[in-house]
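Student: Take a look at the letters that make up each chain.
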Amino acid sequence: MKIAGEQTLSAPRERVWALFNDPERLSRLIPGCEKLEVISPTEFAGTLNVGIAAVKGVYTGKLKLEEVRPPEHYKMAVDGKGKQGFMRGAGTLDLVAKGPNETLATYGGDIQIGGPLVQVGQRVIDSAAKMMIGQFFAAADAELKAEAAGTVARQGFLLNFWRYLVRLIRSLFTRG
Amino acid sequence: MFPAEFEYHRAASVKEALGLIQQYGDEAKLLSGGHSLLPILKLRLAQPRHLVDIARIAELGQITELGGKISIGAAVRHHQVHTSDLLRDKLGLLAECAGHIGDVQVRNRGTIGGSLAHSDPAADYPAAVLALEGEMRLESAAGARTVKAEDFFIDLMTTALKPGEILTAIAFAPLPAGTGFAYFKHRQPASGFAMVGVAACLTLDSGGKCQRAHVGMTGLGAKAFRAKAVESALNGKAPDAKVLADAAAHAADGIDPLSDIHASADFRAELARVYTRRALESAVARAKR
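Same order as they appear, the protein sequences are chains A and B.
Residue numbering for the first sequence follows our numbering, beginning at 54 and increasing consecutively.
Residue numbering for the second sequence follows our numbering, beginning at 29 and increasing consecutively.
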């Protein structure tokens, strides 16, 4: 199965790169990810619990990063298996800055899937993969936006607090 | 292969079924016609500990007309939908669509609720249910809610159904006078699934102009959807051959088509345009009759 696509994320490239290299945050964004452990800076081990229709299963696997060129490119090798099937393959991720606050993520890969899963799921495996990738990028974009909004919100809070203090001090003096 | 061991519960009422799925939670799976679930169980891709059979609940097996709406119980078999006089008379599109599903064995076992809840991207019913603006009745221990077809299909095999809910019935308004309809599909020869399926439903006004156009599409994308670009290209126009062909050209607009060993994405998109044009032509011819 070949996978290819692109997605625009609303954050500067460095921030997108940081997110895509942060196992803790990634584990929250990958659909069904229960665990993502760091083995080495370029090797992760994880557990996915995914279910589509009645087919639910737990898959464990390893993810290895190669050809890492921050903040624009890495290659990843995936090897995973569960009771219902296995998958192995390789893919690439490229990040291109489209603007000060916009990054184009381009991905591509070739994945082999085998086992009983294929017997019944052949028709929908491609779409299932596409759906999960879509969910991941939507979550990543939301995370990046929240990250940006978080900074702004904190600034807003500080500003309001400062104004409140100024008013309070002024009112003290007017009353006096 | 045989399924893994499970305990079989035959629910006699919706209330009992709701109680059972609440009691067993993740361990339970609803069984209706079994045409999607059993292959999955036999390959042991799913191994639920409890199967709750809702196919024999009497209240789910009825087709009723009440207060200007027609309600079809979730456990009504495809064959019943195809042959019901009431449905042929007032919801012809649905009856016609049911006749295109799988083969005789499938139509005698499979149920409308099972098909819709499973939401296979190539199932036939979703196209017709979308074009007819069906309303899904979802019941849980907490009560019942109604979800429009357009909001029910969310993504690949993903619906608005929440854990603990059962799709119990689908309600429709009967087709207005002056309406023509057609369901056209390109069958996958082995499975009978729709490589592309188009349900068209057109209402013409007294001047012969298109007053209302609903087009439901299945098989093309990860979920069934309303082809809104086709519909808006028809509204208010006299549906001559050119208008229909121009409208049908928008059948795959904005969709990322499925791709598998049977049909590439480009071929599927082309099938969608061709079958949409045929379905529209047939619907207009019937509306004029």
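One or more hints might be untrue.
As the list claims (entries may be wrong) - Some but not every residue of chain B turned toward chain A, in silico, with C-beta under 8 Å: (1) LYS57; (2) PRO67; (3) ILE68; (4) ALA150; (5) LEU184; (6) MET185; (7) ALA188; (8) GLY192; (9) ALA257; (10) ASP281; (11) ILE283; (12) LEU286.
It is worth saying that the hints were derived from the structure and are not from the lab.
C-beta: ideal position from N, C-alpha, C; glycine also.
Student: Does each hint hold? Answer for all of them.
Tutor: Consistency of the hints with the structure:
1. For LYS57 (chain B), the interface hint holds, the least distance from its beta-carbon to any beta-carbon of chain A being 6 Å, beneath 8 Å.
2. The criterion of a C-beta within 8 Å of any C-beta in chain A is met by PRO67 (chain B), whose closest approach is roughly 5 Å, and the hint holds.
3. Interface hint at ILE68 (chain B): satisfied, since its Cβ lies 5 Å from the closest Cβ of chain A, which is below the 8 Å cut-off.
4. The beta carbon of ALA150 (chain B) is positioned within 8 Å of a beta carbon in chain A (closest approach about 7 Å), and the interface hint is therefore held.
5. Hint on LEU184 (chain B) holds. Least Cβ distance to chain A is approximately 5 Å, under the 8 Å limit.
6. The interface hint given for MET185 (chain B) holds, since its Cβ lies 4 Å from the closest Cβ of chain A, which is under the 8 Å cut-off.
7. For ALA188 (chain B), the interface hint is violated, since its Cβ never comes within 8 Å of a Cβ in chain A; the closest pair sits about 15 Å apart.
8. A hinted interface residue such as GLY192 (chain B) counts as satisfied when its beta carbon comes closer than 8 Å to some beta carbon of chain A; here the least separation is about 16 Å, so the hint is violated.
9. For ALA257 (chain B), the interface hint is violated, the least distance from its beta-carbon to any beta-carbon of chain A being 21 Å, above 8 Å.
10. Annotation: interface hint on ASP281 (chain B) violated; nearest CB of chain A at approximately 18 Å, more than 8 Å.
11. The interface hint given for ILE283 (chain B) is broken, as the beta carbon of that residue sits about 12 Å from the closest beta carbon of chain A, more than 8 Å.
12. For LEU286 (chain B), the shortest C-beta to C-beta distance to chain A is roughly 6 Å, which falls under 8 Å, so the interface hint holds.
Of the numbered hints stated above, those contradicted by the structure are hints 7, 8, 9, 10, 11, listed in ascending order.
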